[in-house]
Amino acid sequence: MAVIELDNVWQQYGANVVLERLNLRLADGEFCVVVGASGCGKSTFLRLLLGEERPTRGRLLLDGQPLRDEPDATRGVVFQRYSVYPHLSVLQNVMLGFEFRGAPLCGRLFARARRAAREQALAMIDAVGLAHARTRFPGELSGGMQQRLALAQTLVARPRLLLLDEPFGALDPGIRADMHRLVRELWATYRPTVVMVTHDLKEGFELGTRLIVFDKVRHDPQAPNAYGARITYDLPIERNTQRAAPAPGVGLAA
Amino acid sequence: MRSLINQRPGRGLRFALGVLPFALLLVAYVAASHARLAVNAHDKLLPAMSSFGQAIERFALRPSARTGEIQLWADTVASLRRLGTAVALSAALGLVIGILMGALPVAGAGLSPLVSGLSLVPPLALLPILFIVFGLGEVAKITLIVIGITPVIARDIALRVHEIPRELIVKAQTLGASSWQVMLRVVLPLALPRLFSAVRLALGAAWLFLIAAEAIAAESGLGYRIFLVRRYLAMDVILPYVAWITLLASLMDVALAQASHRLFRWARFGQLG
Chain Z
1 MAVIELDNVW QQYGANVVLE RLNLRLADGE FCVVVGASGC GKSTFLRLLL GEERPTRGRL
61 LLDGQPLRDE PDATRGVVFQ RYSVYPHLSV LQNVMLGFEF RGAPLCGRLF ARARRAAREQ
121 ALAMIDAVGL AHARTRFPGE LSGGMQQRLA LAQTLVARPR LLLLDEPFGA LDPGIRADMH
181 RLVRELWATY RPTVVMVTHD LKEGFELGTR LIVFDKVRHD PQAPNAYGAR ITYDLPIERN
241 TQRAAPAPGV GLAA
Chain S
1 MRSLINQRPG RGLRFALGVL PFALLLVAYV AASHARLAVN AHDKLLPAMS SFGQAIERFA
61 LRPSARTGEI QLWADTVASL RRLGTAVALS AALGLVIGIL MGALPVAGAG LSPLVSGLSL
121 VPPLALLPIL FIVFGLGEVA KITLIVIGIT PVIARDIALR VHEIPRELIV KAQTLGASSW
181 QVMLRVVLPL ALPRLFSAVR LALGAAWLFL IAAEAIAAES GLGYRIFLVR RYLAMDVILP
241 YVAWITLLAS LMDVALAQAS HRLFRWARFG QLG
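Those protein sequence lines, which keep their order, are chains Z and S. The first sequence maps to residues 1 to 254 in my numbering. The second sequence maps to residues 1 to 273 in my numbering.
Please keep in mind that the hints were generated in silico from the structure rather than gathered at the bench. In this text the structure is predicted, and so the values were computed from the model without any measurement. We put the beta carbon where it would ideally sit given N, CA and C, even for glycine. There could be a bad hint or two in this list.
Said to hold, decoys possible - Computed footprint of chain S on chain Z, listed as stretches where at least three residues anywhere in the stretch have a Cβ under 8 Å from a Cβ of chain S: (1) 15-27; (2) 67-75; (3) 95-104; (4) 154-161; (5) 192-205.
Unchecked claim - The calculated label-pair distances, taken between Cβ atoms and stated as ranges, are: (6) Z:Glu140 x S:Val139: 44 to 50 Å; (7) S:Arg265 x Z:Ser38: 37 to 43 Å; (8) S:Asn6 x Z:Thr232: 55 to 61 Å; (9) S:Pro105 x Z:Ala113: 31 to 37 Å; (10) Z:Gly29 x S:Val106: 38 to 44 Å; (11) Z:Pro66 x S:Arg81: 20 to 26 Å.
Kindly generate the complete structure, drawing on both the sequences and the hints.
Here's what the structure looks like:
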């Protein structure tokens with residue numbers, strides 16, 4: 001069954017059509033990369049999937065059920081910026097998901113529940129290569145390390161759908177290559193269903209199992225906003241998952 | 001020689017430059033006092049340093065003949081008790097109201113107009129009402145301070161909460177947080193450092209309201225004493241009291257700044273990118 005299903009989804013603000021006639025089915029474990037020029041509605045698409053916005057027309061289904069129109073634990077997200085909590089250490093950031101689920105009233109775990117959560121959090125921190133930094137605050141980490149932390153924090157909550165919003169857009173090329181390796185490993189290990197938005201086509205081919213291109217096909221020079229973007233290409237990418245070998249120094253908690 | 005805009009004083013020079021204005025003021029005072037006393041030895045307006053010494057001895061070192069207490073100490077305790085209670089209450093109230101206003105749009109819609117309106121009422125204009133309702137005791141004075149500074153603190157906290165990136169709130173929800181948990185684990189800790197700076201800024205107003213309330217109706221307190229001895233033009237008492245109040249206020253300011261610096265180590269690393 002499809003994890004995510006878009007059935008003729010339109011999104012418009014007043015007369016300004018951003019997305020039109022989106023039809024898409026994402027199977028379990030797919031890594032779908034969405035590319036397109038700036039302003040083509042990629043971010044709107046992501047906000048729709050997050051539930052921050054409700055489509056003007058059409059239906060959005062998650063596991064066959066209508067998607068809740070507010071963010072919840074079924075969907076995890078890593079943003080380009082502001083993805084981690086500056087007031088919590090690396091370990092506390094990763095434990096946050098367990099604490100939200102396990103302690104509805106005080107938001108903190110104690111004793112055995114806390115030790116169990118800590119164990120799992122530490123394994124995930126190890127998997128993203130931050131074991132040496134677990135007591136540090138995000139403000140003490142580099143941009144790349146902050147994004148590693150954001151990935152760990154999100155993945156440890158095991159979302160049904162993982163949304164990545166240009167997560168490596170602000171990083172240096174060298175760091176970005178490291179992050180790509182990490183994402184491939186994590187995907188091979190945990191097999192989350194991923195939707196990643198990026199403007200970097202190369203990144204899309206490097207990471208995804210499926211590439212989707214958004215573009216405007218109809219144009220009215222008198223009314224540039226009358227038509228929205230559609231899916232113009234939908235390409236499967238051959239990917240041999242066995243190829244993703246762990247990088248040296250990064251122990252995978254598999 | 002470097003341009004003036006690029007010259008930075010070293011440690012010693014910075015200290016000397018900081019002390020210099022105080023020293024100049026002191027010298028000016030002593031000179032003016034000396035000149036007036038030379039004309040009229042009974043002048044009360046600018047007492048000599050020796051008169052201050054005697055007044056300080058009378059009020060701060062020797063027990064009062066009437067009550068058996070050390071006057072300055074009794075006044076300080078009375079004032080600080082009022083101020084401390086009021087500021088603690090205001091901080092707690094302001095934090096809760098500010099977080100509700102900032103984090104929950106529904107609460108914001110309900111509370112913001114009220115809090116904005118209250119913050120525009122001149123608190124001293126309410127003092128007669130407070131005295132009528134609560135009598136002349138401690139409650140009226142504490143309430144005056146609370147009414148005076150809580151709206152400011154609440155609005156400052158609400159502004160801070162609005163500054164929290166939307167991403168952090170969305171992210172918490174995707175990790176399974178309820179509204180309550182978002183407020184408890186994300187909004188509250190991110191707003192706490194701002195509470196400390198808001199209280200620091202509000203302390204000046206709190207002192208103002210305290211002295212005003214004590215001046216009008218009290219039986220002890222630093223403000224009460226100043227206004228009491230004013231009848232005798234006792235500048236030798238008033239000026240040391242003012243200096244003492246200033247010292248207390250600056251000690252509180254420094255203590256709050258230090259506490260904030262220690263408690264929120266994470267806040268030293270600046271905004272995340």
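Hint check results:
1. Using a Cβ-Cβ cut-off of 8 Å, 0 residues of the stretch 15-27 of chain Z lie near chain S, which falls short of the minimum of three, so the contact claim is violated.
2. Under a criterion of three residues with beta carbons nearer than 8 Å to beta carbons of chain S, the stated coverage of the stretch 67-75 of chain Z is upheld, 5 such residues being counted.
3. Residues of the stretch 95-104 of chain Z with a Cβ under 8 Å from some Cβ of chain S number 6, which satisfies the need for three, so the listed coverage holds.
4. Coverage of the stretch 154-161 of chain Z by chain S holds in this model, with 3 residues showing a Cβ closer than 8 Å to a Cβ of that chain against a need of three.
5. For the stretch 192-205 of chain Z, the proposed coverage by chain S is not satisfied: 0 residues have a C-beta within less than 8 Å of a C-beta in that chain, short of the threshold of three.
6. Restraint check, Z:Glu140 to S:Val139: a C-beta distance of roughly 48 Å satisfies the suggested window 44 to 50 Å.
7. Checked against the hint of 37 to 43 Å, the pair S:Arg265 and Z:Ser38 passes, with Cβ atoms roughly 38 Å apart.
8. S:Asn6 and Z:Thr232 have their C-beta atoms about 56 Å apart, which keeps the hinted 55 to 61 Å range intact.
9. Between S:Pro105 and Z:Ala113 the C-beta distance comes to about 33 Å, which sits within the given range of 31 to 37 Å.
10. At roughly 40 Å, the beta carbons of Z:Gly29 and S:Val106 sit within the given window of 38 to 44 Å.
11. Checked against the hint of 20 to 26 Å, the C-beta distance between Z:Pro66 and S:Arg81 comes to roughly 59 Å, which is inconsistent with it.
Hints 1, 5 and 11, counting from the list given before, are not met by this structure.
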